[in-house]
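Join these two chains into a complex; the hints should help.
Protein chains in written order, with this note's numbering: chain E, 294 to 686; chain R, 281 to 683.
Please keep in mind that the hints were generated in silico from the structure rather than gathered at the bench. Accuracy of the hints is not assured; some may be wrong.
[What the hints assert, rightly or not] Below, a list of computed lysine-lysine pairs in the DSSO-like style, where the Cα atoms sit at most 30 Å apart:
(1) Lys335/R to Lys411/R
(2) Lys439/R to Lys510/R
(3) Lys443/E to Lys335/R
(4) Lys446/E to Lys335/R
(5) Lys416/R to Lys439/R
(6) Lys583/E to Lys335/R
(7) Lys439/R to Lys307/R
(8) Lys501/E to Lys583/E
[Said to hold, decoys possible] Covered stretches of chain E (chain R as the covering partner; in silico rule of three or more C-beta atoms under 8 Å from a C-beta of chain R):
(9) 316-326
(10) 376-385
(11) 410-421
(12) 427-437
(13) 626-637
Cβ coordinates follow ideal geometry from the N, Cα and C atoms, glycine included.
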Amino acid sequence: MATNTSEQSAVPIWRDERYLEIIAQAVVVLGIVALFWWLIHNLLTGLESLGTPLSFRFLGQTSQFDIGETSLEYSRNSSYSRALLVGLVNTLRVSLIGIVFATLLGLIVGVARLSSNWLVSRLAAVYVELLRNIPLLVFLIFLSSTVFHKLPKVQEAAHLGNWAFLTNRGIYIAWFDPAASYTVYRWVLMVAALAAVVVAALLIRKGKRTGRMPLYWLWAFVIFVVVTGLGWFLMPTPPLTVNIPSLQGRNFRGGISLTPEFMAIFSGLVIYTAAFIAEVVRAGIQAVSKGQREAASALGLSGFMTLRLIIFPQALRVIIPPLTSQYLNLTKNSSLAVAVGYPDLFSVGGTIVNQSGRAVEVILITMAVYLSFSLLTSLFMNWYNRRTQLVER
Amino acid sequence: MTTQLSSVSEVLPPPTERYTILGWLHKNLFSSWFNSILSIVAGSFVAVVLVGIIKWVFVSAQWAVVNDNIALYMKGQYPGAQDWRLWVLIYLAALLVGLMWSSYFHRVDVIAWVLVSIFLVLAIWLLLLGKAAWWKLLLVDGFGIVGFSLGQRFPNVSKRLTILLLLLYMPLVLLIIRGFGTDGFIPQIGTNLWGGLLLSLLLAIIGIVFSFPIGVLLALGRQSQMPALKTLSIIYIEVIRGVPLITLLFMGQLMLPFFLPAGISIDRVIRAVVAIIMFAAAYMAENVRGGLQSIPVGQYEAADAIGLSGYRKMLNIILPQALRTVIPVLVGQFIGLFKDTSLVALVGLLDLLGIARGILANPSYIGRQLEVFVFIALIYWIFSYAMSYAARRLEISLGVGER
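One chain only, chain R, in its complex shape (with noise of 0.2 Å):
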C-alpha cells in the first residue's frame, strides 16, 4: 500500500505550459482571422491613443496651472506656516500602512515597492528642481519603512495594534487639522480654510466613520423583530436611498438652517458633512445587513443555547463575524463616497473639484481644462484604485469566502 502510494506520489505533474513569443501570440492574439482582425485593430486603436497621449503630456500640455498652485490643490487656503501638521499626519498615516503591510499581507510585493518609489521618485524630482521640501517626502518613506519593521518585529501585537491605531488616528486627524485655542501650539484653523485635496479625504473619512455605528444600528433595527423599530429603519433606508446625494446636499445647505431654532448657524462644512452622514449611513446600513444575514441561523441558536441575552448575542457573537464578511464591500463603499465627496462642489465648497473650478476661473489660465482635469482625475484614481487594491489583498487575507 505504501509503496504504490509513494510510487503515485512519484508520477510527474502535467508539464506547465511554456511558451515562445511566437507561442504567446498564436495562443492570446492571432488564433483565429477574426481574432487576428481584432488584435490589429485594437492594436492599432492603442498606439494611436498612446502617441497622442505621450505627445500631449510632453509637448503641447502646459503644466504650469498645476505647477504653481500645487499646494491649492492639496490643502487649499490652510496657513502654510501650520504645514508641518498635515505632515506629521502624513507620517503617522505611513507608518500604519507600514504596520498593516507587515501585519495582514505578510510580504513585500510589486504594490509596495511601486508605492515606496512614487514618494521616492517625487522626492528625487524635487531635489532636481531645487527644492526645499524633498527630503519631507523621503520621511513618508522612511516612516512607512519602519512601521513594516515594527510590525515583522513584534508579530504577536501588530494585528491588534494596527486596528487600535487605526481607529485612534481617525479622531487624531481632526483635532490635529482643526486645531484648539488661538495662540496656543496648534492654533485653530477655521473650516473655511479646508480645501483641495485635503476637505475631499476628511469629508470622506468623517463620512464614513460616523456613519458607521449609525449604520449598524439602523442595519441591527431592519432586522429586529420589533415591528415599530423595523418600519422606520427601513423608511429612513429606503428614503435615503431613493434620492441623489446631491439633493441632500441642497437639503443641508437650504433647509438645515430652517430646522434649527432661529439664531443659530452651522458651519457650511460641518451642514455639507451631516448630509454626507446620512447618506452613507443608509447604505452601510445595507452592507452591514448583507453580513447579518450571511450568519447561520445556528449562530442565534447557539447563542441563545449558552444563555446569552439579546445585547451580548449581538455584540459578542453576531456582529464580529457579520462586519468581518462585509469588510471588502466597506472598502467599496469608502471609495465610493470618496467619489462622491466632489459634489461638494456643486454646493460652493472648496474641495479637490471645487478648487480646480476656481483655478480655472483665473484669467489667466484661460482654456488649461484639460491639464487641471486629468490632473485631478489622476489624484481621484490613484487614492481609489490603492484602496480597491487594498481591499482585494484584505479579502484574500481575511479568508472571507473560505471560512
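With the rest of the complex left out, here is chain E (with noise of 0.2 Å):
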C-alpha cells in the first residue's frame, strides 16, 4: 500500500499541476514585468530626449492660466498644483450637487414609472428611454450650445419675478447674505435644531411606549419654525438680508450667480443620471415581493404609507449597490465638463499639459485622483455589504 502511494506521487515534475501552476504564473509575470520594464524604458528615453524627464517638479512653477470659476483663492501668478486642486475642487463640487439632485430625480421618475396613471407611467417611460440611449457627450454639447448660450443677452435677461434671472452669461438667483446680527442668530438656529431634535425624541419614546405614533416630525418642524421665527423678531435688525441680483454696469451682481458652463455640466449630468437611477429604482421597487404590499393593503396602510414604511426600506438593500455605481458614473462622467468648458479637474489638466507639455505627469495625476474617488466607493460598497447582510430576514 504504502509504496504504491508512494509510485503514485512519483508524478514527473512536467505532469504535477502544482508545478504547471507555479511556472505558468512565473511565465506570465516576468513577461508582464518585461513588457512594463521594455514601455517604461521607452518612456522615459523618449521623455528624456525631449528634454522633459519624468518630474513632478514643475507642479510648483506658476500657472500663469486663469480659470473660469474658482471656489478656492486663485490667480495666474499661483502654482500648477493650486491650480489642479482647483479642478479639484470643481469637480467634486458638480458631482456632489448632481448627485444629490440626479437621486431626487432619479426617484419622482422611478416612482412614475409605476404609477398606476397611464399617463404618468408613458412619460417617465419615454423618459428613460429617451435619455438612456443617447450619448451623455451630446446631450451635454448639445445643452450648452442649444440651451444655455442661447438664453437671451444680458441687458434683455428673461427673469421670474425679480428673483432670477436667466442670461447667456450664466443664471442669477436671489439668495440671503448674513448681516451684523447673523453671528448672534446663528446661536438660535442652533438651539431651535436642538429643541426641534430633543421634541421628536421624546414625542418618538412617547410613541413607542403608547404603540400610537404621533406626528412627530410635524411637531418638530414647528417648533423649528416658531423658535426661529422668535428670534428672528426679537433681534434689533434683522439677520439675514435677501440679495437681489440687480445690473450694475454689463453683468448682474449679488446673489447666487451660475455660469452656463456649470448649468451646462450640471443639468446633464442630473438629467441623464437620473433616467439610470430611475431604472435602478424600479427595479428595487419591484424586487419587492407582491405580499408585502398586499399585507400593507391589509392592514390598512394608504398608499404613500405603503411606499414609505414597506417598500422603501426593504427595496433599499436591492437598491444601494447599483446606486452606488450610478454615483460613480457621474463623478467619472463630470470629466466630459471639458467639452462644454466648466474648469473640472481633467478639464485644467489638460490646460496644463497645453502650458507645460507635461502630458505623462498630469494624466498620471488625473488617473490616481479618479481612481482614488472609486477606490474610496468600493471600500464602502464592502463595508454596506457586509453590514447589510447581518440583518438576517
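Structure, rendered in C-alpha cells:
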C-alpha cells in the first residue's frame, strides 16, 4: 500500500499540476514585468530626449493661466498644483450637487414609472428610454450650445419676478446675505435645531410606549419654525438680508450666480444620470414581493405609507449597490465637462498639458485621483454589503 | 375520477377584463382626484410639448444643414466612388438580420414591419425627391426578406449558420472598408478618411470584438486559483474601471507614442481603438465573471468527475453556459460602447459627433446647432434602442433565467 502511494505521488514534474501552475504564473508575471520594463524604458528615454525627464517638480511653477470658476483663492500667479486643486474642487462641487439632484429626480421618475396613472407612467418611460439611448456627450454639447448659451443677452434677461434672471452669461438667483446680527442668530438656529431634535426624540419615545406614534416630525418642524421666528423678531436688525441680483454695468451682481458652463454640465449630468437611477429604483421596488404590498393594504396603510414604511426599506437593500455605481459613473462622467468649458480636474489638467507639455505626469495625476474616488466608493460598498448582510430576514 | 377532471376543465376561465373607452379612462387616468389632477397636468404638458416639437420640425427648423451634408454624417470623407463597398456591407447586414430574425425570433412582429417600412418610406421619399439612390434602399429590404425566407426554408442549419456568418462578418467589414493595395479591385482607404456614423460603428464593433477574448481571459484570471494571475487581473480590471474613458483616450493620444521605440508612429484612429479595447475589456471581464459565478459548482465538480482537464472543463462545460447567460448583458455593453465612441470627438477624430461639430464650424451653418444635434441624437437613439430591443428579445429566445 505504502509503496503504491509513493509510486503514485512520484508524478514527473512536468505533469504535476502544482509545479505547472507555479511555472505558468512565473512565465506570465515575467512576461508582464518585461513588457512594462520595455514600455517604461521607452517612455523614460523618449522623455529624456525631448528634454523633459519624468518629474513632478513642475507642479511648483506658476500656472500663468486663468480659471473661469474658482471656489478657492486662485490667480494666474498661483502654482500648477494649486490649479489642479481648484479643478479637483470644481469636480467635487458639480459631482456632489449633481448626485443630490440626480437622486431626487431619479427617485421621482422611478416611482412615476410604476404609477397606476397610465399617462404618468408612460411619460416616465419615455423620459428613461429617450435619455438612456443617447450619448451623454451629445446631450451635454446639445444643452450647452442650444440652451444655456442661447439664453437672452444680459440687457434683455428673462426673469422670474425679481428673484431669478436667465442670461447667456449665466443664471442669477436671489439669495440671503448674513447681516451683522447673524453671528448671534446662528446660536438661535442651533438652539432651535436642538429643541426640535429633543422634542422629536421625546415624542418617539412616547409613541413607542403607548403604541400610537404621534406626528413627531410635524411637531419638531413647528417648534423649529416658532423658535427661529421668535429669534428673528427679537433681533435688533434682521439677521439675513435678501440679496437681489441687479444689473450693474455690463453684468448682474448679487445673489447666487451660476455660469452657463456649470449649468450645462450640472443639468446634463443630473438629467442623464436620473434616467439610470430611475431604472435602479424601479428594479428595486419591483424586487419587493407583491405579498408585502398586499399585506400593507390589508393592514389599511395608505399608498404613500406603504411606499415609505414597507416598500422603500426593503427595496433599499437592492437599490444601494447599483445606485453607488451610478454615483461613481456621474463622478467619472463629470470629466466630460471639458466639452462644455467647465474647469473641472480633467479640463484644468488639459490646460496644464498645453501650457507645460507635461502630458505624462498630468495624466498620471488625473487618473490617480479618479482611481482613488472609485476605490473609496468600493470600500464603502464592501462595508455596506457586510452591514446589510447581518440583517437577516 | 376522470369525469370529475373533465368537469373541472369545463369550468369557464375567469372573464377577461373588457373596457369601454370611458371605463379605461376611469381606471387608468381618473381613478381618484389626485390621479385626475395628475392626468390633466401631465396631459397638458404632453400637448404643449408635442405642439412645440411639431411646429419646430415642420415650420421653424431649417433642415438644409442636415440634407446637404447627409453623406458626411454617414461616412465622413470616405471617397464617393467607393460607396458600393459600404452598400455591399449593408446588404450583408440586412441578410444577416433577416436570418437572425427567422432563426431566433421565429415570427414576424411589429418591429420587423417597422424596420422594413423605414427603408421603404425612405426609398419612396428619395424617389419623390428624384434622387437615384432609392433602389439601393429598396434592396436593403429585399436582402432582409431573402435572409428571412432562407432561415424559414432551412430551419435546421440557420441557427449555426447565423452565428458563423456573424463571426465572419466582423473581419469582413474591416477588410472591405479598409481594402488593400493601391489600384486593385478595392484600393486601400486610409483611416484618416473614415468618419461619421461609419467610424462610430466601426469603433464600437472593433472594440467589442477585440475586447471579448481579452475580457474572457481576464475574467478567468480573476476567478482562478493562481494568486499571481488573480492579482494581476484584479489590478487591471479595477484600475481601468476606476478611471473615465476620456483619460484613457488622452493617454492613447498623448502617451502611447512615448511608450513605443522612437521612429514608430501609430495612426490616430488605431490609438483611439487601443484605448477603447483596453477600456471595454475590463467591463467585459466583469460581465463574463457574472456569468461564470452563475454556474453552479456542481458543473465544475461533474467536469472533474468525468476526468476533463482544466482547459477542456472551461472550454466545453463552463464557458458555453456562462457566455449564454451573459449575452443580453453583452449587448447592453455594446450599446454603452457605441454611445461612448462619441468621446473620440474630444481627441479630434471625426466620428458622428466630430463631423457634426465640424459642420457646425462652417460659417454658412451658424446657429443651426439644434437641427444638427437633434439629428445625430436621433441616429444614436435609433441604433441603441434597436439593439436594446434585440437584447430583450434574445433574452426571451435564449430562455435566460428559465432553464
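Here's how the hints hold up against the structure:
1. With a CA separation close to 27 Å, the supplied pair lysine 335/R and lysine 411/R stays within the 30 Å bound.
2. As the CA atoms of lysine 439/R and lysine 510/R are separated by approximately 36 Å, the hinted pair breaks the 30 Å bound.
3. Of the pairs offered as hints, the one joining lysine 443/E and lysine 335/R holds, with about 19 Å between alpha carbons and a cut-off of 30 Å not exceeded.
4. With a CA separation close to 25 Å, the supplied pair lysine 446/E and lysine 335/R stays within the 30 Å bound.
5. Pair hint lysine 416/R plus lysine 439/R holds up; C-alpha atoms about 28 Å apart against a cutoff of 30 Å.
6. For the given pair, lysine 583/E sits about 44 Å from lysine 335/R by alpha-carbon distance, which is inconsistent with the 30 Å threshold.
7. Restraint check: the Cα-Cα separation between lysine 439/R and lysine 307/R comes to about 44 Å, which exceeds 30 Å; the hinted pair is violated.
8. With a CA separation close to 28 Å, the supplied pair lysine 501/E and lysine 583/E stays within the 30 Å bound.
9. Only residues whose beta carbon comes within less than 8 Å of a beta carbon in chain R count, and the stretch 316-326 of chain E has 6; three or more means the coverage holds.
10. As drawn, the stretch 376-385 of chain E meets chain R at 0 residues by the rule of a beta-carbon pair under 8 Å; below three, the given contact is violated.
11. Judged by the Cβ-Cβ criterion of 8 Å, the stretch 410-421 of chain E is covered by chain R as claimed, because 5 of its residues qualify and three suffice.
12. As drawn, the stretch 427-437 of chain E meets chain R at 8 residues by the rule of a beta-carbon pair under 8 Å; at three or more, the given contact holds.
13. Chain R is given as covering the stretch 626-637 of chain E, and this holds because 5 residues of the stretch bring a CB closer than 8 Å to a CB of that chain, at least three being needed.
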